[in-house]
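These protein sequences, in sequence, are chains S and P.
For the first sequence, our numbering gives the first residue as 1, with consecutive numbering after it.
For the second sequence, our numbering gives the first residue as 1, with consecutive numbering after it.
Simulated from the structure, these hints should not be mistaken for laboratory data.
Don't be surprised by glycine CBs; every beta carbon is placed ideally from N, CA and C.
Among the hints, a few may not be true.
As the list claims (entries may be wrong) - The following label-pair restraints were derived from C-beta to C-beta distances:
1. P/G27 x S/D312: 42 to 50 Å
2. S/S289 x P/T103: 47 to 55 Å
3. P/K22 x S/K471: 55 to 63 Å
To be verified - Not the full set, but computed from the structure, chain P residues with beta-carbon under 10 Å of chain S:
4. M1
5. I3
6. L15
7. E23
8. I24
9. G63
10. K74
11. R76
12. F77
13. P78
14. L80
15. K81
16. A87
17. M98
Okay, here's what each chain looks like letter by letter:
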Amino acid sequence: MNVEIIIAIILFSYLRRSTLTYEVPLRWKKPLKWGLIASIIVGILDISTLLGDVLGKVLSIFLVGAVIYGILRYKELDKGRQLVFAWLPLLILSLAIEVVEYFFPRFYNRWDDYFLLAIFCAFAWGIAMWINNNKQRKALEREKIKSLAREQEFKATEQMKIMLEKQVGERTSALTKQKEELEKTLEELKSTQAQLIHAEKMASLGELTAGIAHEIQNPLNFVNNFSEVSSELLDEMSEELQKGDIEEVKALVEDIKLNLEKINHHGKRADAIVKGMLMHSRNNSEQKSLTDINALAEEYLRLSYHGLRAKDKSFNANFKVELEPDLARINIVPQDIGRVFLNLFNNAFYAVNQHAKNLREKGIEGYMPTVVLSTALYSNQGKGNVVITIGDNGMGIPDSIKAKIFQPFFTTKPTGEGTGLGLSLSYDIIKAHGGDLEVGNHDSTEHLHGETELMEGCRGTVFTITLPYDKTEALI
Amino acid sequence: MKILIVDDEKDVEMLFRQKFRKEIKSGNLELVFAFSGREALEILEESNPPSVMYMFSDINMPGMSGLELLDEVKARFPDLKVSMISAYGDQENHDKAMDSGATGFFTKPIDFDSLKKEINNLLQ
């Protein structure tokens, strides 16, 4: 069998195999199959010498030429190009040698060893190229498998990614919904809180009304009484004028003048109380102003006292005031601090009253319910603190609940009597003023008010309000 | 005749002095004032029996209330006439005062005509 037909068979079968892996388009499958069959038939016939030497050769050259031409001509058959280069030297060389052998037999015989060597070299080249090609192909295949795996991995990752994105989307929308719901709840809570604060204000206003009624009724009585008595005095005056008692008329004039001053004084007193009440109930009055703490605290002490007294006939208590006479005016929101005072005084009076009731039930006598208000100024170079203490000699606050008393809705009063917001709001107000509100028993703050004998035998409670004082602020 | 008036409002003194101006001037009436229950007891205890004939007391006062003062006074000086004056003209206070032996019960704003009548009855 000649070299040409072997190479033709190799190329055809190689290309045909390549169609199975789709490296060569399927439409070549058929031509390649027929080419292979033809090559095999020619090869068999050649071996069996049924064909003549020349015909066998020509058919072989035709077939190998056709396949090589196809490979070089069509890009789709590029796969076979490597193999063509592997076997082409052997093919050309064997053809050339056969030509030489045929036309120049003498020359061939002389150099026959070299020709054989050349053939051998070309064959070796072909084998080497083939092995190399195979190796490369296997490497490529491995690479292909790897890249296929990578692609699969990538696809899986992509799918995972899509799934995750979907999940993230779902979670995000769920979270957004949750967030919106929470925001809505927060808004509702805020408005509830505002309503509660307002309700607490109104509740404390309710507590105030009785006190205010009393506080207004008294000056109004004076206004009425002094104006009546003045009119009587004027009648008397005209009588005295007729009598001609000028001295008496002069005295009456003095009295009437004093009465008018009293009317004015009490009118203003009632006016101030009404104004204070309006300020107390106003919702958004955040205006700070320089305020006389002594006057403010005393005013609310009286309001609280009279309020409780008007509500509960059996209520009574002493109150003492120990005010620092040189207390500087400080910059505060008076109605806010007023609410704190009112709250603390109400609590203090409530505590001593409850304690008095308890002791009465037990038959213990000699208890003097007392509430003490004291103020003090601690300053250094124009800066410092105004300290206001409101102490009582009631039952005291147990340590176990001391930490809770500033919490919203915490109350020890029976249901309906306290909102539980008073101290919590008071605390917030004092904190908003940059101050501090502390609770202690009497012993811890003894130095702040010297009335220890009032407190004997009773633990009592002392609330201490500390408010910052800055002289430069007071000068503005 | 000496009358004691107890009220924590200081202007009450001026008002009463003007209202009873004629009676004071004529020397028929002498007014004494106390601004707390404690002060009232001190004045009453100055002499025994007290020089005061009649006591008018406000009920609503810090410290010792008018009703407590009434009990105290009735315990020490059972013969002294005491009338109460209250801004809260409620039945509870009225009954309590009357049970404790009060002679009269006046509500604020004080009706000076009836008060004068009461005092004039005493003077005659």
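Hints, verified against the model:
no.: 1; hint: P/G27 x S/D312: 42 to 50 Å; result: holds, 44 Å
no.: 2; hint: S/S289 x P/T103: 47 to 55 Å; result: holds, 50 Å
no.: 3; hint: P/K22 x S/K471: 55 to 63 Å; result: holds, 56 Å
no.: 4; hint: M1; result: violated, 21 Å
no.: 5; hint: I3; result: violated, 17 Å
no.: 6; hint: L15; result: holds, 5 Å
no.: 7; hint: E23; result: violated, 13 Å
no.: 8; hint: I24; result: violated, 12 Å
no.: 9; hint: G63; result: holds, 5 Å
no.: 10; hint: K74; result: violated, 18 Å
no.: 11; hint: R76; result: violated, 18 Å
no.: 12; hint: F77; result: violated, 22 Å
no.: 13; hint: P78; result: violated, 22 Å
no.: 14; hint: L80; result: violated, 22 Å
no.: 15; hint: K81; result: violated, 23 Å
no.: 16; hint: A87; result: holds, 6 Å
no.: 17; hint: M98; result: violated, 15 Å
When the structure is compared with the earlier hints, violations turn up for hints 4, 5, 7, 8, 10, 11, 12, 13, 14, 15, 17 and for no others.
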